[in-house]
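Trainee: One-letter residues, chain by chain:
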Amino acid sequence: MSALHLVVAAIAAWIAIGVLGMIRPRKGLKLIRALFILGAGVALVVAIVALFSMGQIAQTIVLPLGLPDLPFHLRIDSLSAFFLLLLGATAFGISIFSAGYFRESEGTAPGLLCLHYHVFLAAMALVLVADDAYVFMVAWETMALSSYFLVTTDHRIPEIRRAGFLYLLIAHIGAIAILLCFGVLQGGSGDYTFGSMRSVILPGAWSSIAFGLAIFGFGAKAGLLPLHVWLPEAHPAAPSPVSALMSGVMLKTAIYGLMRVTFDLLNGQLWWWGVFALVLGLLTALFGVIFATVQSDMKRLLAYSSIENIGIIVAGMGLAILFKAHDKTLLAALALTATLYHALNHAFFKSLLFLATGAVLHATKERSLGKLGGLIHRMPWVAWLALVGTLAMAGLPPLNGFVSEWLLLQAFLFTPTLPQSFINMLVPLAAAALVLAVALAAYVMVKFYGVIFLGRPREPNLAYAQDPARLERAALAWFALGCVVLGIFPVNVITWLDPVDAMLIGSTLGGRGGSWLFLAPVNPDRSSYSPIIVLVVILAVFALTIQVVHRYYHGRKRLGPAWDCGYPLQTARMQDTAEGFGQPIRQVFEAFFHVERVLPSPFDATPQYRVKVEDHFWRWLYLPVVRSAEAVARLIGLIQQGRISVYLTYSFLTLLALLFFIR
Amino acid sequence: MTPTGFLSQLLQLAIALLLAPLLLGWVNQCRAWLQNKSAPPLLLPYRMIRKLFHKDAVIAENASPIFRTMPYIIFGAMALAAAIVPSLATDLPFGQAADAIALVGLFALARVFIALAAMDIGTAFGSMGARREMFVGFLAEPALLMVLFTASLISGSTSLPTIVDTLAHREIAIYPSLAFAGVAFTMVSLAENARIPIDNPATHLELTMIHEAMILEYSARHLALIEWASALKLFNYSCIGLALFLPFGIAQGSDDWLAILGATPVLAAKLAAGGFGLALIETFSAKVRIFRAPEFLGTAFLLAVLGMLVNLLLGS
Numbered sequence: 001m002s003a004l005h006l007v008v009a010a011i012a013a014w015i016a017i018g019v020l021g022m023i024r025p026r027k028g029l030k031l032i033r034a035l036f037i038l039g040a041g042v043a044l045v046v047a048i049v050a051l052f053s054m055g056q057i058a059q060t061i062v063l064p065l066g067l068p069d070l071p072f073h074l075r076i077d078s079l080s081a082f083f084l085l086l087l088g089a090t091a092f093g094i095s096i097f098s099a100g101y102f103r104e105s106e107g108t109a110p111g112l113l114c115l116h117y118h119v120f121l122a123a124m125a126l127v128l129v130a131d132d133a134y135v136f137m138v139a140w141e142t143m144a145l146s147s148y149f150l151v152t153t154d155h156r157i158p159e160i161r162r163a164g165f166l167y168l169l170i171a172h173i174g175a176i177a178i179l180l181c182f183g184v185l186q187g188g189s190g191d192y193t194f195g196s197m198r199s200v201i202l203p204g205a206w207s208s209i210a211f212g213l214a215i216f217g218f219g220a221k222a223g224l225l226p227l228h229v230w231l232p233e234a235h236p237a238a239p240s241p242v243s244a245l246m247s248g249v250m251l252k253t254a255i256y257g258l259m260r261v262t263f264d265l266l267n268g269q270l271w272w273w274g275v276f277a278l279v280l281g282l283l284t285a286l287f288g289v290i291f292a293t294v295q296s297d298m299k300r301l302l303a304y305s306s307i308e309n310i311g312i313i314v315a316g317m318g319l320a321i322l323f324k325a326h327d328k329t330l331l332a333a334l335a336l337t338a339t340l341y342h343a344l345n346h347a348f349f350k351s352l353l354f355l356a357t358g359a360v361l362h363a364t365k366e367r368s369l370g371k372l373g374g375l376i377h378r379m380p381w382v383a384w385l386a387l388v389g390t391l392a393m394a395g396l397p398p399l400n401g402f403v404s405e406w407l408l409l410q411a412f413l414f415t416p417t418l419p420q421s422f423i424n425m426l427v428p429l430a431a432a433a434l435v436l437a438v439a440l441a442a443y444v445m446v447k448f449y450g451v452i453f454l455g456r457p458r459e460p461n462l463a464y465a466q467d468p469a470r471l472e473r474a475a476l477a478w479f480a481l482g483c484v485v486l487g488i489f490p491v492n493v494i495t496w497l498d499p500v501d502a503m504l505i506g507s508t509l510g511g512r513g514g515s516w517l518f519l520a521p522v523n524p525d526r527s528s529y530s531p532i533i534v535l536v537v538i539l540a541v542f543a544l545t546i547q548v549v550h551r552y553y554h555g556r557k558r559l560g561p562a563w564d565c566g567y568p569l570q571t572a573r574m575q576d577t578a579e580g581f582g583q584p585i586r587q588v589f590e591a592f593f594h595v596e597r598v599l600p601s602p603f604d605a606t607p608q609y610r611v612k613v614e615d616h617f618w619r620w621l622y623l624p625v626v627r628s629a630e631a632v633a634r635l636i637g638l639i640q641q642g643r644i645s646v647y648l649t650y651s652f653l654t655l656l657a658l659l660f661f662i663r
Numbered sequence: 001m002t003p004t005g006f007l008s009q010l011l012q013l014a015i016a017l018l019l020a021p022l023l024l025g026w027v028n029q030c031r032a033w034l035q036n037k038s039a040p041p042l043l044l045p046y047r048m049i050r051k052l053f054h055k056d057a058v059i060a061e062n063a064s065p066i067f068r069t070m071p072y073i074i075f076g077a078m079a080l081a082a083a084i085v086p087s088l089a090t091d092l093p094f095g096q097a098a099d100a101i102a103l104v105g106l107f108a109l110a111r112v113f114i115a116l117a118a119m120d121i122g123t124a125f126g127s128m129g130a131r132r133e134m135f136v137g138f139l140a141e142p143a144l145l146m147v148l149f150t151a152s153l154i155s156g157s158t159s160l161p162t163i164v165d166t167l168a169h170r171e172i173a174i175y176p177s178l179a180f181a182g183v184a185f186t187m188v189s190l191a192e193n194a195r196i197p198i199d200n201p202a203t204h205l206e207l208t209m210i211h212e213a214m215i216l217e218y219s220a221r222h223l224a225l226i227e228w229a230s231a232l233k234l235f236n237y238s239c240i241g242l243a244l245f246l247p248f249g250i251a252q253g254s255d256d257w258l259a260i261l262g263a264t265p266v267l268a269a270k271l272a273a274g275g276f277g278l279a280l281i282e283t284f285s286a287k288v289r290i291f292r293a294p295e296f297l298g299t300a301f302l303l304a305v306l307g308m309l310v311n312l313l314l315g316s
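In the order they appear, the protein sequences are chains A and B. Our numbering applies: residue 1 is where the first sequence begins, and numbers increase by one. Our numbering applies: residue 1 is where the second sequence begins, and numbers increase by one.
This is chain B alone, in the form it adopts within the complex (with noise of 0.2 Å):
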């Protein structure tokens, strides 16, 4: 363990916890301009977590323990997830904890806990909320996954810094098994975070939710977490697709600090560019009924395949 690499993880988990509700409040920022609506401030994500750590909890009579701990469990799984994805650098002292295979499984973990907690109050809504996310999650998760191998084929690595290592060295050019892999990786991302077309963040109409049914009776302090943690999860999912479709502009190996903090705006650049992205795709986009899903995630599983196919073939 280098003392830049030490420097580049705590840099790079401070950003990651910091900057992730400012991401989500430019994706509504940028969804606000597009629908011709008046845009909420940038800021909002911090000023609602912070109004909702003042507030007193309340929580439903028969709540077990796993109700009341599910909030720091999944921001922990989260957090960790910041410290292993290199957005910043690859020389990540935590890098080698968990590979792209565990992160899908440091993701599953979170998944199972907020469902378990949303069954853990007998409500309907929990229930069904607990139902379709995992309905989602298996689909979404295989899906992950083969985009991942995809991946890791081309590096010979299923660590995310060799990954980048490796990717970011190659002449840029379109890699056809990177391109199938890339719309695949989109199309899961927007069913995990929980986005138009799978799921509406901004709905709470009753038969449409998904996540919002989830967390419908968690409040105060276990639902800043909850937002923050899924901020945390969008923030995950956008710096593993810039590392693997993008991954220029992040400190290689060896390269001393300043390169880091060089690659701080380059990150940022590039995180408000995929945020605006996002915001495109879910105002050219409708959501689509719940059993709609599995075509949609189908799709992206047989384009991972597909990807992973041509690089087979091909060998690019």
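So that you can see chain A by itself, here it is in the shape it has in the complex (with noise of 0.2 Å):
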């Protein structure tokens, strides 16, 4: 049995998993918990036979399903496995948690939504394992519909339909410049298998057609500017295990279809693409960051989180573009290592913290920021594994958010040997750009964890919190030991995506990776990093500091009320909310925003403050958007007259037009 059967295998128990919810779709928890768990086991799967499928020769079959003469093509390569890999060892935790974590609610029913979620779960492994254009198409659909229903679990809420229905949209207009896209790969050959894209050689201008359609459309569902507006509606709207799985691997499909389309389809690439990825990808970093800080609302802070990472991503593979059109293969490794570090890593990060949201969201139903805090000394577990995915996402030494960073910087530090001298201006820019998006993830994570699970409750009812329960704490306890792992052993990851590189850019960092201690991706006297001995080093010098210390003085200590400057008058309501933590950085970055302010004065009696801070974009490209649909649909409304007689006027007028065109 090849992988490519264990993968279509586990592609059919997912749905059969789904299909055996819908039993007792009102009743039996018990039953779809065991269903969630076993998908998890499922997942498990996929992610081991991914993990030896990589580097494998390519597996391909042809399933009889779909339309006559349409048959299904799959295939199974580097490329697909690291996905796949990224794909089942995220769905595991998220699986195993969401087993704790459904219950019966007033929206769709469990077994409904274990339904949905096989069947998404489904999807974006088919989508992974796509060959041909239609299959692809059929389950990016199915991925796009079956997301759009666990979105909008809690349906009766008007807020979360429209959240749904933004996202569906911008669903389909991804899909429709996707759909395109593939029609120019084709190559007017009519054969819509990636097998005979690969062989068809573009003239340039349609190449470069093909890779804008791919990045508008992949974009879309990416949540690049500027169709990232779904994303801070729809991951509030979802719940937490759906949203960990939108974010944490949803994206990165659309990431996975931009590379296969750019690396792998087209034959090929021009330089200024990586330009634009990059400009891009940067642009969308900075905008995802900047409107962090400002949110308050835990899961809207991490869906403009999101935007970031993804921005960093595309950032990173248009740098890896760059280089390769250049042909400068070994640092389009680099960067393109450092790309899929990164969407590994974001995967890990970013479903923990969603996850620790949802658990937050299930202990206290509260979901702004305003009114958490302390959650520490209730929610124990759920602190300290966040903690873990704070730090990563901050980027700091030595988990793994910062190894990706790291090789990316890197990345940036060789382009001064491309030939156009503009670039290597572009350069200091970019590279400050990205540094600058990554500085203030730190400033986004420290509000985040210290409003959260710091500081004092500003609620009462905060008292009442409590840990979730074991399968919860599993779930985010695998999360929290990835990206320790990622970020400990990086040197093993990246010999491990070697095959990708070979793959896509023709070169591998091959045993350039440096030793198992020491990161050394070009060579170890350009740059190196063991995040080993940082973390040992820091942890000896803790515990010894802290022996010295109590051994030759004391470890006397008192508990007293806080000092705080000697106030008297202490309540938890003067800690800083989230718009406070957020204020420095949206007064320092007044233009990105839409502020609107309703500011008390001195007299009034019942003094109000209330501030709005909104996207740009709305007023610049969505409202005259929709604004000039409606004018031409009242265009078009005018011909309709609603009497027989004038539809049959129509009908005659057309006749004769066609009759005098034809003849």
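Honestly, the hints are just simulated from the structure, not real lab data. Each hint can be trusted.
Partner residues aside, some chain B positions facing chain A, computed with beta carbon under 7 Å: (1) F53; (2) L109; (3) A124; (4) E217.
Under the rule of at most 25 Å between Cα atoms (straight-line distance), these lysine-lysine pairs were calculated in the DSS-like manner: (5) B:K55 x A:K557; (6) A:K557 x B:K51; (7) B:K287 x B:K37; (8) A:K365 x A:K612; (9) A:K30 x A:K365.
Using N, Cα and C, we set each Cβ at its ideal position, and we do this for glycine too.
Once you've looked at the hints, go ahead and assemble the two chains, each given alone in its own frame, into the complex.
Mentor: This is how it looks when you write it as structure tokens:
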């Protein structure tokens, strides 16, 4: 039984699990729980299969499904294997979490949720192994639809229905672009298998059009500017495990699609695609992180931070394209490795944080940062595991987020070797923008963690918050472990990624990853980093200092009230709120936001303070489009009279016109 | 790992740990002289740390373990940084553990932890300090990295020992890119070490403090470690500056241990001069409002980018 057969069996198993959930959709929570755990097992199988099929020869099969003469072509190669591993490892944790998380609620019944959830997983896996445009689009649309139903789980709330609609709309705008992209890619041969697209050589302009359509279509799914608006709406609306799955995995399927089209299906890349992707990615990253700092809803904050990370990933990909177009394959491999590594890291830490918000949400029924606080005392498990994710996302050594950012910065430092001098000038700005985004991410994460878990509870009902049950804790621990392992053993990960580089770039970092102790991607004289030494030394100094201080001095301590410069009156309300914490950034980057402010005057009997921070894109792009669409619709409405005689006249005129033209 | 390398590593770490408070004392003394005040004793920071170690720690009732472990973590991070920055020699076994970018990450780790600990008690000042610290940090970090990028473009490496080896072997001349980077680095170091004009280490005035606001709740051994770590941070930044812009006198690659011993007084002299310079800057400038900090750090950032562009254009 080959790896691909196993993956197909896993996809079938997921669908079967979903259908089983429908047996008694209203009752039988225990059954649903068991099904989710079963689904997690399937995910683990997918991850293990993917782990071992990395670097193997690509396998293909043709399934006699679908339309007559149009069977499903499936293929697993190193690129698919990498993303399948990402899918399997992430879905494993999220499914375990979901088993404990979903319960009876106002919205969709658990059985139906189980169906949508597993179909969603199956569709994502199918996207990753699709080998013709037809099955790719079928899987892609199934993925969009099933995730739409998952987003609108609480469909009784109008805002959630709106968020779901927005998501579906943008997903379809993207899907149209992808469909057109495949249309261009087949190059008039009429054969929509990826195999034939690879052999077609498109004339220059057409390949650029295909790339443009791909970055637009996949960018809509990934959340690139200016099609990012659905993320901050859909992520808070969806249940937390679904947000984790969408942010951790589904956004990556878009990255997969973009990589597949750019590096695999298109023959040869142009350097300016790289510059375009680089600039777009960095703009997206900066935009996302700046908006993340001013959010006061914890899931919106994470959604904006997903936009940031997707931006970083696309920027890294742009760099890889740029290097590859100039035949600097080793550097392209470095940039691509950093990109893939970041995708994997983001899947882990973002899932961890989304699941942690889910646990907080269940324990407190509160999503607004302004009403949380001090949960580290009430929910120590969630708080400590989330701390790992927080530090990872803030890009701090020795965790995983830092490794990929480090690799990417190393790749940036090589850019001055390119022939175009203006691109060499662009580097400082690009590297600076990346660093700024990373530094701001640390700001965001301090805000996120500090406001939710530290300090004093801002509301009295937080005193009853509790850690989640064992399944949820285990899932969080899985992701935290992943963040640590990916951070500590980067060399193994990089070596494992080599086949993807070989496939997409034609060169690997082969053996240049360094020894097990030192990560040294190009050569050790140039740069090296050893997360193990960093971790061990910090821990050693930590332990040694405690020992020395306690032995030579003492370890006496007394508990007392907080001092706070001696101010006697202190309430939990005096801590920074989420708005307060983000305020400096809002002031510095005022131009980025559309701010509506209602300030109280000194004479108000009932003072009110309200700030609404909006995205300029709504005003500058979306509303004009909506308005013009409405105007066009009104014009078309003019010919709609509602009287049968008028319609008969239209038919008559059409006939006459046709007779005139065709004769 | 050569025995000399091991020796120089050990010596360098010991010197950093022991001399860091002295540097702080020296800066305070110089500042007092320049401002016509009677100077505090040179060894005051040591006495302060000793006194604090003897005291009983008073911890707020709702402190979480993050609050208590933070001083040890930042002390560990700063000690590691001191082992990495080539202050005496470039043949350092730990030098490979983190390059310039990872070093900035290490400083960021310390900053995030100190900010989290500041928010842990849930006081108004604590969260204000954390917010401001992160605010200054997000502006300073890119500028610092740009400075390091300029240096690494010249030497073709991000590893600090290699950078020092390359820069020390150039003829003594003013390189425009390094001049820009040097000014930018000075500005960033002032901000990162909570010095005037961004922060005032001597103030406890409520509305102006940044670093002090974050550590208000600390006492005794925890405070001692934080003070020591801050002194180490100043020491590390000074040594990075010296390594990048005055790399002369640092024992190179495979030199014997005599060279390392010879490098020690050179380092002391450079640090003394640098400390005096810091005191001079602090005397001649006034603390700016927090919202002027972006202008200050933005200037530093632009200067650093300018340095990099000059390097790319002129190749020097």
